[in-house]
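Model the full assembly from the supplied sequences, consistent with the hints where possible.
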Amino acid sequence: MPDDLNWAIGGEAGDGINSTGKIFAQALSRAGRHVFTSKDFASRIRGGYTAYKVRSSTERVESVVDRLDILIALTQRTVEENMDELHEGSVIIYDGERTMMEDFEAPEGMIGLPVPLKRLAEEAGGALMQNIVALGAACEVANFPIENLDEALEKRFGDKGESIVENNRQAARFGEEHVVEELDHDEFDYDIETTDNDYVLLNGDEAIGMGAIAAGCRFYSGYPITPATDVMEYLKGRLERYGGHVMQAEDELAAINMALGAARAGARSMTATSGPGIDLMAETFGLVATSETPLVICDVMRSGPSTGMPTKQEQGDLDMLLYGGHGEIPRFVVAPTTVSECFHKTIEAFNLAEKYQTPVYLVGDLALAVSEQTFEPEEFDMDSVEIDRGKLVDENEIDSWLDDSDRFQPHFPAADGISPRTLPGTSGGAHMTTGLEHDELGRRTEEQEVRIEQVDKRNQKVETAKDEEDWDYREFGDSDADTLVLSWGSNEGAMREAIGFLDEADIDIRFLSVPYMFPRPDLTEEIEAADEVIVVECNATGQFADVVEGDTLTRVKRINKYNGVRFKADELAERITEKLDAAQEVPT
Amino acid sequence: MSSDVRFTDFKSDKQPTWCPGCGDFGTMNGMMKALANTGNDPDNTFVVAGIGCSGKIGTYMHSYALHGVHGRALPVGIGVKSANPDLEVMVSGGDGDGYSIGAGHFVHAVRRNMDMTYVVMDNRIYGLTKGQASPTSREDFETATTPDGPKQAPVNPLALALAADGSFIAQSFSSDAQRHTEIVQQAVEHDGFGFVNVYSPCVTFNDVDTYDYFRDTIVDLDEEDHDPTDRDAAEAKIMDDDTEYQGVIYQDEESVPYNERHGLDENMADIPDGAPEDATDLVREFY
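Top line first, the protein sequences correspond to chains A and B.
Position 460 of the first sequence, counting from 1, maps to 460 under my numbering, and the rest follow consecutively.
Take any residue in the second sequence, note its place counting from 1, add 588, and you have its number in my numbering.
Just so you know, nobody snuck in bad clues.
Not close to chain A: a few residues of chain B, all C-beta gaps over 10 Å, as computed: (1) Asp592; (2) Arg594; (3) Phe613; (4) Thr717; (5) Glu727; (6) Asp728; (7) Thr731; (8) Asp736; (9) Gly737; (10) Asn744; (11) Glu770; (12) His814; (13) Met827; (14) Glu832; (15) Asp840; (16) Glu848.
Here are the computed lysine-lysine pairs in the DSS-like style, where the Cα-Cα straight-line distance is at most 30 Å: (17) A/Lys118 - A/Lys155; (18) A/Lys22 - A/Lys118; (19) A/Lys391 - B/Lys602; (20) A/Lys391 - A/Lys355; (21) A/Lys391 - B/Lys599; (22) A/Lys236 - A/Lys160.
Since the hints were derived computationally from the structure, they do not count as laboratory data.
Even for Gly, the Cβ is constructed at its ideal location relative to N, Cα and C.
Now the structure itself:
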């Protein structure tokens with residue numbers, strides 16, 4: 001068996017699938033193994049198929065693959081849902097004494113491992129612990145020392161008291177012992193290695209929240225929506241430790257307006273939502289830009305349009321983020337590509353917002369948001385955090401920004417497009433800002449010259465930023481390869497692993513993962529150097545591919561996926577191979 | 589804050605484009621006087637307005653101000669006050685802005701009870717879009733879009749506020765300058781969400797709810813021995829459809845504003861140059 005272990009637990013929503021999966025992932029991480037998790041869930045509270053998958057290796061893992069080595073199946077449907085990923089030798093742990101599974105027979109070539117999960121859980125102190133019994137059994141199957149579970153159980157149940165933790169430890173050991181005593185262990189030859197490495201395990205939403213605090217965010221307002229709510233849940237209770245506040249607004253319109261107010265008062269502010277919420281925020285988005293207020297608006301994308309598939313993956317909002325809102329709105333659109341990039345790009349988003357006094361869209365997607373991944377803790381280096389508050393003017397400097405009648409000029413048309421900024425409370429700096437077209441003092445105007453001056457001024461900020469900032473990409477694979485693959489968002493992980501699969505088939509790929517959607521790197525040179533250009537993204541129409549074609553005036557090939565499921569590494573390798581084969585076919 | 593602030597310090601050099609005789613002049617003057625009388629100055633004051641005639645107020649006043657989008661002024665004010673509790677936050681809107689498009693925010697702002705003041709210029713009509721029915725228009729009020737009247741009950745904003753557990757509910761008449769100023773001033777001084785509905789006649793489009801109408805009918809609660817801390821008495825006044833009242837209708841003297849309940853007492857603009865000192869604890873949580 002390879003060192004790479006693919007494990008899953010599946011059942012009905014409400015069965016404790018998520019917490020069980022998380023415990024196993026944490027145990028693996030604490031044992032110095034790399035982990036990548038993914039969740040399959042439906043938009044309902046109880047019932048409906050749900051699963052939590054854990055891929056683990058001593059090497060870094062960046063994505064999911066089409067393989068499952070150990071499956072804890074709490075329902076028969078779990079086996080059916082995962083049939084494609086099960087293989088010869090896969091072990092299916094199930095409760096042969098429970099009605100849902102009593103007639104279950106493992107498919108040919110697979111090993112059915114009946115464990116009386118419920119009965120053993122009751123013996124350990126309560127039927128609720130059946131998943132933990134299964135975890136203990138899985139540890140024994142994988143030859144993974146069960147002691148590694150203990151810390152994760154303490155973390156999960158510590159708040160409920162030591163006896164609960166102890167019962168859970170007992171439940172896990174009952175599961176382990178059952179496998180040792182009752183079953184022929186020689187059937188399985190899993191033997192997963194542990195290391196002394198210390199990793200942290202977190203998902204994209206958590207990394208965004210952590211990045212926000214590191215960047216000095218003090219005010220967050222939001223309205224619950226999948227898959228962005230984790231950002232709010234992470235910040236609640238933590239932001240307050242730093243003198244900040246999380247406010248659950250009555251709707252998305254309130255959320256963005258509250259964040260705008262707090263930003264106007266000087267707090268670094270953020271709101272997070274998903275596509276439907278971005279729609280509702282669109283009007284105020286224009287106000288944020290016109291009033292030149294720094295604000296970070298996070299869109300964690302899911303399947304659309306309308307309510308679409310709320311718990312499924314998609315990257316379908318790009319067009320809206322780039323072009324949404326009436327009129328012409330200067331903006332930045334930053335889209336991190338990995339969980340650790342979620343941390344770094346969030347910090348960057350706050351700096352961009354304040355430096356240029358412009359709204360910044362911070363874009364995640366469901367796959368990035370809900371997948372936990374292990375990292376070296378150093379990747380979240382707090383010492384490297386830099387804060388740039390831009391042209392913030394205090395009482396001592398205010399004189400140079402007053403007009404002839406001593407009024408502060410919040411929209412002074414500076415050559416770089418960036419005006420001075422005073423925060424309310426600053427003596428002598430009183431001024432108004434508005435969504436109406438205005439002059440340098442913020443007063444409403446319809447004068448043609450002033451209109452042009454202010455529009456140019458606001459747009460100039462983006463031009464200035466294009467010159468001053470690095471709008472770069474991340475490069476992987478062979479930089480001399482004839483085939484260039486581009487992607488954005490969460491696809492980076494699967495693509496990086498796909499490069500390995502393609503390499504085995506002697507196909508060289510140059511892969512660029514682009515984290516800036518606007519402004520974005522100029523890819524003309526890279527595209528001209530390639531024979532084949534393929535853009536990979538989770539949507540039906542190829543929104544990023546359209547943008548690339550427009551920028552570089554070159555036709556690109558597209559690999560799109562929009563069934564609600566993220567790309568898998570082996571799947572991507574296959575689809576790239578198909579594209580290249582097709583490209584070689586000569587019409588007769 | 590300086591003690592020699594005069595209300596004219598809150599005036600901008602921009603001349604209002606309101607119609608001559610508009611009630612909004614008086615409403616705004618009272619707001620400026622209330623701010624000056626309570627020891628505020630333009631540099632510690634933040635005025636938020638929405639859209640419509642009322643929305644122009646930020647332009648005519650001199651203070652820190654934001655003129656936002658239609659109906660969303662209250663959430664902006666809530667954000668401002670959260671971020672910097674030292675600021676005096678005053679939100680102004682009209683009956684359309686506050687009770688139609690912004691009705692949801694109104695109810696939630698009332699129950700949130702942030703320490704701020706909300707002044708609604710209620711003229712019972714849409715003025716800036718040239719005379720359509722508003723949420724407070726009478727049931728039989730004829731306009732271009734409601735030629736036979738809206739044929740639906742007008743919103744009772746005071747009742748909404750009371751139902752949402754409002755801690756300060758008042759009504760005034762813009763033309764009664766002294767009383768209006770006093771009432772807004774009490775709203776500013778109130779610890780919590782001070783809500784004042786101001787009869788602010790539209791001289792151009794509303795020929796029913798006129799200055800004369802209010803002058804003739806308005807009843808001052810001070811002359812009625814009304815006890816504003818008595819919630820039942822307040823309810824009786826609010827549900828009395830036959831009388832227009834002015835004065836403080838209800839005040840919860842025990843009110844503890846949201847910002848105090850949530851310990852919002854720091855200026856959130858103050859952040860360190862880098863990550864907070866103990867930020868590595870945030871990473872450690874994920875081990």
